[in-house]
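Chains as they are written, first to last, in this note's numbering: chain A, 1 to 603; chain B, 1 to 111.
The hints are simulated quantities; they were obtained by calculation from the structure and are not laboratory data.
It is possible that part of the hints are untrue.
Unchecked claim - Distance condition first, Cα-Cα at most 25 angstroms in a straight line; then the derived SDA-like pairs of lysine to any residue:
(1) A:Lys348 / B:Lys36
(2) A:Lys378 / B:Lys36
(3) A:Lys159 / A:Phe261
(4) B:Lys28 / A:Val347
(5) A:Lys518 / A:Val184
(6) B:Lys30 / A:Arg335
(7) A:Lys31 / A:Lys350
(8) A:Lys564 / B:Ala45
(9) A:Lys348 / A:Ser513
(10) A:Lys68 / A:Lys518
(11) B:Lys30 / A:Gly289
(12) A:Lys355 / B:Asn51
(13) A:Lys537 / B:Leu16
(14) A:Lys537 / B:Ser42
(15) A:Lys350 / B:Leu62
(16) B:Lys28 / A:Arg477
(17) A:Lys378 / A:Gln532
(18) A:Lys378 / A:Ser571
(19) B:Lys30 / A:Lys518
(20) A:Lys355 / A:Lys433
(21) A:Lys348 / B:Gly5
(22) A:Lys564 / B:Thr46
(23) A:Lys149 / A:Val184
(24) B:Lys36 / A:Gln532
(25) B:Lys28 / A:Lys433
(26) A:Lys155 / A:Phe45
(27) A:Lys355 / A:Gln418
(28) A:Lys350 / A:Val497
(29) A:Lys355 / B:Ser42
Source: prediction; values computed, not measured.
In case you want the letters, here they are:
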Amino acid sequence: MKFDWFVLPFLSGLSFVTVYTSVKFYRWINKLSRGEKALLKKYIFSRSIWTSIKEIFSESLFHLKIFKTHPLLGYMHASLAFGWFLLIVLGNIEVKFYSEYSINPPYVPIFLNFFEPTTAPNFFGRGFRFIMDFLLLIILSGVALAFFKRFVPSKFGMKQNMRHRWFDRIAIFSLWFIFPARLVAESLSASIYHNGSFLTNTLGKMMSFLPAETLLYPSWWAYSIILGIFFFALPFSRYMHIPTEVLLILMRNAGIRSRYFSHPYQEVETEACSRCGICIDSCQLTSIGYAIQPSYYLRTIRYNELHREITDNCLLCGRCVEACPVGIFSTDIRRHERTLQHEMRTVKFKFNQNKFSNTYTEVLYFAGCMTHLTPGIKKAMTTILEHSGYSWQILDEDENICCGRPLLLAGQISAANQVIIHTRTQIEKTRAKILVTSCPICYKTFKENYRLNMLIMHHSQFIDHLYTHNRIATQYRNVNVKYHDPCELGRGANIYVEPRRVIEQIANLLPSSSEKNKAPCCGGSLGNTMLQAEEKKLIAKRALSEMNLTSADLLVTACPLCLKTFSAVSSVSVKDLSQLVAENICEKIPNNAQKIHKAVETL
Amino acid sequence: MPNFGFSIHSPTHIDLDKNYRTIFNYVKVKEPSIQKCIFCGSCSATCTASNYSAMSLRKVNLLLHRGMVQEVRSLTEQCLLCGKCYLVCPRNVNTRRIILLIHEALKMPLS
Ligand code: SF4
Ligand code: SF4
Ligand code: SF4
Ligand code: SF4
């Protein structure tokens, strides 16, 4: 067997990583509940495992999602990950050409030029050397880009770099030096044996003035030591994400989700975060000066640092989750941790039961707390409901009651459950067919936590439904409108189409660069209890400038809280969708009148 | 003596130098905006919880100053954290955080 002492740092590092990772994986899987284990097992032996394998290639190695964020950033990540992967795979194949053994120790392909220094014997061998040089070049370009990114992140579509700890720095620097070290060693070897290709041979010739014979052996040692340092640092640094992401993809596709704080799935998520910093840019609290984004938050969890205020200081807007290339549900982790901090089990509410209606109507309108503070929306909805032809009533006309989501977001689960049971009873008592609400927060809660046996609609969906069934008609106005997607309605409940369809019936809808799942949060989110009023105002102002309203006459949103927050700071007038509709509603439905209007406008 | 339907309150003498201010101080350090409250009562007027309970943030604040922990507990437990009070407060008091901090302080062993 081929051996030389210099492989030891590499070999011990590699063994350490392998053992450490296996133990960690075993512990995580072991900590899953019996049902979750069964789920994982069933998934691994099912045919859908292929989607995971595909995902592992496209995300862990090729980093397709980062390419979508920014091509150069994607190239940087992919060149390092995919390039290194190919280098290892091809190295292993190449060894087969030279070696008389069918199984070789793992260091032989890594240090092949040392063990088989003779010139490539045939065309295939030279081809291999060429490919290896080419891959090395690609990886080196990735390293160079990573180096430059530290200084000019803006060229990579990023505003900020992650501020790393010293331990991560060791890992980062050793990673940066691995490939230059390999280049030096192989070039020195090429200058003696001419066993390289376009890159190493050329560099070898350029280095011919050096005493290559004396330098060659130390250079292999250097390469091995740097690899060893990287491997020893890996499990404790951000690079633990490399093995962990594979497990995360498997678990996620098997349908496992974290259910409480420090659930094993969450632990896998924490270590699968590569601290790439993409979430830092997507978060609106960054510009306010808070380092609370998932990359920082997950790091404090991982190293057991104090972070209570980081947990609470988040809008739960979900922008970071949308942006994260690894697919980490950081907002869930926060909610689970808040439960640890804020749960109050002693609470017993004494709600009034008899103040609510129990008469039947087709449509039941639930205004919600926030709509009570924006009476304009309630009035507009009354007008629309009047025109709808349905029989209707308002559930919380006299007695305002909460849907329970604010308590859920704050982590007070047992209190929230009492509210949910109470409100559900009141809703069910009316036996309505359609439940309409103006508040996306209520809408999401009704959908996810209430298990109601009726059609649940946000008012944007309801109005859209009224249009499609010709129950209302509106006048077309020639105004330019931009639409703001509320967090809980867009990212939260995936409703993007209906509000836009409604606006297009009345006005001219302008496209926006930050809309749909990229839409900013108004800053008023109930998810955050830490921000001060001035900070919220600043967030709202910056959100408005992000949406760029210069060409718009009107900003339309579909959430009472967004309406209230934006109205306070916007120079362009802000309206709720229902107000826009109610103001332009026609008394009687004219035959195709609105279509004619539209046709005239376009002429 | 004819009975006019009036009665006398039991004495609720509060010695502002000696009363129990631990919770108030705990909240004050973490959320200084509690000191901006002018006891206008806007929060109480809009409070969702006031529909079915005696919850009133203005009162909670007052009771905190006076160190009346039991009353504070029974009131704040009824809060739904809906945030209406924050939206109407003319002084931008961060009401929901104050309530969460009170909950937190109440869970601590001393109180
Ligand atoms: S949470 Fe996602 S986006 Fe943020 S640093 Fe981690 S991997 Fe990157
Ligand atoms: S949920 Fe929103 S506020 Fe919270 S960290 Fe993510 S982007 Fe920032
Ligand atoms: S509305 Fe604000 S200032 Fe007025 S009593 Fe309530 S907390 Fe105090
Ligand atoms: S958050 Fe609590 S105190 Fe404030 S209005 Fe809602 S229920 Fe009342």
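These are the hints, each one checked on the structure:
| no. | hint | result |
| --- | --- | --- |
| 1 | A:Lys348 / B:Lys36 | 30 angstroms, violated |
| 2 | A:Lys378 / B:Lys36 | 32 angstroms, violated |
| 3 | A:Lys159 / A:Phe261 | 31 angstroms, violated |
| 4 | B:Lys28 / A:Val347 | 24 angstroms, holds |
| 5 | A:Lys518 / A:Val184 | 45 angstroms, violated |
| 6 | B:Lys30 / A:Arg335 | 21 angstroms, holds |
| 7 | A:Lys31 / A:Lys350 | 40 angstroms, violated |
| 8 | A:Lys564 / B:Ala45 | 18 angstroms, holds |
| 9 | A:Lys348 / A:Ser513 | 47 angstroms, violated |
| 10 | A:Lys68 / A:Lys518 | 13 angstroms, holds |
| 11 | B:Lys30 / A:Gly289 | 18 angstroms, holds |
| 12 | A:Lys355 / B:Asn51 | 10 angstroms, holds |
| 13 | A:Lys537 / B:Leu16 | 37 angstroms, violated |
| 14 | A:Lys537 / B:Ser42 | 21 angstroms, holds |
| 15 | A:Lys350 / B:Leu62 | 23 angstroms, holds |
| 16 | B:Lys28 / A:Arg477 | 52 angstroms, violated |
| 17 | A:Lys378 / A:Gln532 | 28 angstroms, violated |
| 18 | A:Lys378 / A:Ser571 | 24 angstroms, holds |
| 19 | B:Lys30 / A:Lys518 | 33 angstroms, violated |
| 20 | A:Lys355 / A:Lys433 | 21 angstroms, holds |
| 21 | A:Lys348 / B:Gly5 | 33 angstroms, violated |
| 22 | A:Lys564 / B:Thr46 | 15 angstroms, holds |
| 23 | A:Lys149 / A:Val184 | 24 angstroms, holds |
| 24 | B:Lys36 / A:Gln532 | 12 angstroms, holds |
| 25 | B:Lys28 / A:Lys433 | 48 angstroms, violated |
| 26 | A:Lys155 / A:Phe45 | 44 angstroms, violated |
| 27 | A:Lys355 / A:Gln418 | 17 angstroms, holds |
| 28 | A:Lys350 / A:Val497 | 40 angstroms, violated |
| 29 | A:Lys355 / B:Ser42 | 24 angstroms, holds |
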